[in-house]
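With the hints as extra help, turn the sequences into a complete structure.
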Amino acid sequence: MTLSVSVHHRFPGIGIEVDFDAPPGVTALFGRSGSGKTTVINAVAGLLRPDRGRVVAGDTVLLDTGAGRVLPPHRRRVGYVFQEGRLFPHLTVRQNLLYGRWFAGLRGGDGFGRVVEMLGIGPLLARRPGALSGGEKQRVAIGRALLSEPRILLMDEPLAALDEDRKAEILPYVERLRDETEVPILYVSHSPAEVARLATTVVLLEAGRAVRALPVAELLSDPDAGRAFGLREAGALLPVVVAEQAADGLTRLDSSAGPLWLPRIEAAPGARLRLRIHAQDVILSRTRPEGLSALNILPAAVADLRLGDGPGALVQLHAGDERILARITRRSAETLGLAEGAECFAILKSVAVAKGDIGAG
Amino acid sequence: MFEALSPAEWRAVMLSLRVSFWATLLSLPLGVYVAWVLARKRFWGHSLLNGLVHLPLILPPVVTGYLLLLGFGRRGPIGGFLEQTFGLVFAFRWTGAALAAAVMAFPLMVRAIRLAIEAVDPKLEQAAGTLGASRLWVFATVTLPLILPGVVAGAILAFAKAMGEFGATITFVSNIPGQTQTLPTAIYAFLQVPGGEASAARLVLIAIAVAMTALIASEFVGRAVARRISGQ
Numbered sequence: 058m059t060l061s062v063s064v065h066h067r068f069p070g071i072g073i074e075v076d077f078d079a080p081p082g083v084t085a086l087f088g089r090s091g092s093g094k095t096t097v098i099n100a101v102a103g104l105l106r107p108d109r110g111r112v113v114a115g116d117t118v119l120l121d122t123g124a125g126r127v128l129p130p131h132r133r134r135v136g137y138v139f140q141e142g143r144l145f146p147h148l149t150v151r152q153n154l155l156y157g158r159w160f161a162g163l164r165g166g167d168g169f170g171r172v173v174e175m176l177g178i179g180p181l182l183a184r185r186p187g188a189l190s191g192g193e194k195q196r197v198a199i200g201r202a203l204l205s206e207p208r209i210l211l212m213d214e215p216l217a218a219l220d221e222d223r224k225a226e227i228l229p230y231v232e233r234l235r236d237e238t239e240v241p242i243l244y245v246s247h248s249p250a251e252v253a254r255l256a257t258t259v260v261l262l263e264a265g266r267a268v269r270a271l272p273v274a275e276l277l278s279d280p281d282a283g284r285a286f287g288l289r290e291a292g293a294l295l296p297v298v299v300a301e302q303a304a305d306g307l308t309r310l311d312s313s314a315g316p317l318w319l320p321r322i323e324a325a326p327g328a329r330l331r332l333r334i335h336a337q338d339v340i341l342s343r344t345r346p347e348g349l350s351a352l353n354i355l356p357a358a359v360a361d362l363r364l365g366d367g368p369g370a371l372v373q374l375h376a377g378d379e380r381i382l383a384r385i386t387r388r389s390a391e392t393l394g395l396a397e398g399a400e401c402f403a404i405l406k407s408v409a410v411a412k413g414d415i416g417a418g
Numbered sequence: 219m220f221e222a223l224s225p226a227e228w229r230a231v232m233l234s235l236r237v238s239f240w241a242t243l244l245s246l247p248l249g250v251y252v253a254w255v256l257a258r259k260r261f262w263g264h265s266l267l268n269g270l271v272h273l274p275l276i277l278p279p280v281v282t283g284y285l286l287l288l289g290f291g292r293r294g295p296i297g298g299f300l301e302q303t304f305g306l307v308f309a310f311r312w313t314g315a316a317l318a319a320a321v322m323a324f325p326l327m328v329r330a331i332r333l334a335i336e337a338v339d340p341k342l343e344q345a346a347g348t349l350g351a352s353r354l355w356v357f358a359t360v361t362l363p364l365i366l367p368g369v370v371a372g373a374i375l376a377f378a379k380a381m382g383e384f385g386a387t388i389t390f391v392s393n394i395p396g397q398t399q400t401l402p403t404a405i406y407a408f409l410q411v412p413g414g415e416a417s418a419a420r421l422v423l424i425a426i427a428v429a430m431t432a433l434i435a436s437e438f439v440g441r442a443v444a445r446r447i448s449g450q
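The listed protein sequences correspond, in order, to chains R and G.
Mapping to our numbering: the first sequence position 186 is 243, numbers consecutive.
Mapping to our numbering: the second sequence position 4 is 222, numbers consecutive.
Just to be clear, a hint being listed does not mean it is correct.
Partial pick of chain R residues on the chain G-facing surface, computed with a CB cut under 7 Å [claimed, not checked]:
no.	residue
1	P130
2	V135
3	G157
4	F160
5	A161
6	S190
7	G192
8	Y230
9	T386
If you are wondering where the hints come from, they were derived from the structure by calculation, not from laboratory data.
The beta carbon of each residue, even a glycine, is placed where N, CA and C say it ideally should be.
This is how it looks when you write it as structure tokens:
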């Protein structure tokens, strides 16, 4: 099911003008705070009525100001996971989970057990929200939204209020949500790491405007978008297939750019993964390097070269069917004589492919 | 102690309890609704409604009683209509005492409930809406359970105020023994006749006992409800 969103709304000081289509999977709304992310999903949920707008989920029109059709929030069947959880304090976890289910006319059913199992919240059912940790609260909030069997799931920075450990605790559950359910997810975030790990599609918002909507791998390897993400976070997403577990503890991953060797990854051969390669962890060489400890060297060609205002340069490379970003100095770019079409080798520091950035894809 | 009461004193106590009970019970739904409107709605006339609700608190009770007499007396526009249509009479009946008590206690009730509603995070109500609950269901399943301590406090406050209401009652429905003579008006009447001090003193003790019981009950219920909804 595809979600089509068009929201035009004037606030004092900022105008929101956002149009995009969200294919199935996770569509991340990415941008700084104040760029209009929450306004957009509130308009989808019906919590905000935009001056002009149209929201269509599959073939159901949720909002069409032109035709005067505005469904109230409770008739939109939109699951909303808020940043602060917003669990009902007077109800137990089980009652919280069943709240939306009751209004959707769903009694019992096997869905309950499946969601509880997927989120690992079985032991919490009899507790009250006041006795839960932040991470537990968010898992229950996700379960509550999911159990109302929504057409779309909206998540407004669901991890922002959590520390790194709690984030790491929840991310796998959101990934399972993406991979095991059919519900399209709109995911608001300002964290490049979260977006790179979870998103299928990214809508980049700047000052109330949708700058672009692209599949995540294309966006991450785009030098212009790299700047929006922040240079430290710029990098590419590389889809790979687990090929072989070697005896010395390394795993071979095949990509269209060539084979890559990583410290053992617990996945069966044939499993599809995506690797995140930060631009600052890529070294370029014009000749095939020899006598180097780095294992992962991919032949590539320069696709685009962006010189920044400072001493840095961002190089986009074609490697096989994939694109990789490298962040080098302007001086190196000149010394190496890099220009569009130049052949070179991308050396990935082995540590660059961090385990935390490996997500099922 | 109850054997010590004369039939006249006994009637005054029972009448006061009956008047206060019905005054509180029947005004409670309206009190919750008005408190919700004042807490959550912004509309033209908001200040006017707020002022109207609080008027009995500021006006001299005699004035309130007189206005009730003008409006709800048998020849008053509302009183006449209610008598002809429903056979409901307020003037010089215990029902009139209940109406006077309800009007006088209403501001206190609304204030307590409004404070409770303003303490409820509207974000919780929004969340309930996205989960499929209509406005009415949101109120019944989220707002109401969360404001219950405030509602209980408001009701008990109103009950205590109704028990003590004097000026509006005596102006509107007079002081007829067995009909409209409530605890405070009975105390007043006993103090007007020679040798009535003993009766007045007994009623004063009862008034104190009722007030203390109401306060302790409100503490107890409030704490129990607060514990339940704190989410622990």
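These are the hints, each one checked on the structure:
Annotation: P130 of chain R was flagged as interfacial toward chain G, and the flag holds, the nearest CB pair being 4 Å apart, inside 7 Å. For V135 of chain R, the suggested interface contact is upheld, since its CB lies about 6 Å from the closest CB of chain G, less than 7 Å. Hint on G157 of chain R holds. Least Cβ distance to chain G is approximately 3 Å, under the 7 Å limit. At its closest, the beta carbon of F160 of chain R sits 3 Å from a beta carbon of chain G; the interface hint therefore holds under the 7 Å criterion.
Because the smallest distance between the Cβ of A161 of chain R and any Cβ of chain G comes to about 6 Å, under 7 Å, the interface hint for this residue holds. Against a cut-off of 7 Å between C-beta atoms, the interface hint on S190 of chain R is violated, since the closest Cβ of chain G lies about 13 Å away. The interface hint given for G192 of chain R is broken, as the beta carbon of that residue sits about 16 Å from the closest beta carbon of chain G, more than 7 Å. Checking Y230 of chain R against chain G by beta carbon gives a least distance of about 19 Å; that is not within 7 Å, so the hint is violated.
Checking T386 of chain R against chain G by beta carbon gives a least distance of about 48 Å; that is not within 7 Å, so the hint is violated.
Taken one by one, the earlier hints fail for this structure at numbers 6, 7, 8, 9, listed in ascending order.
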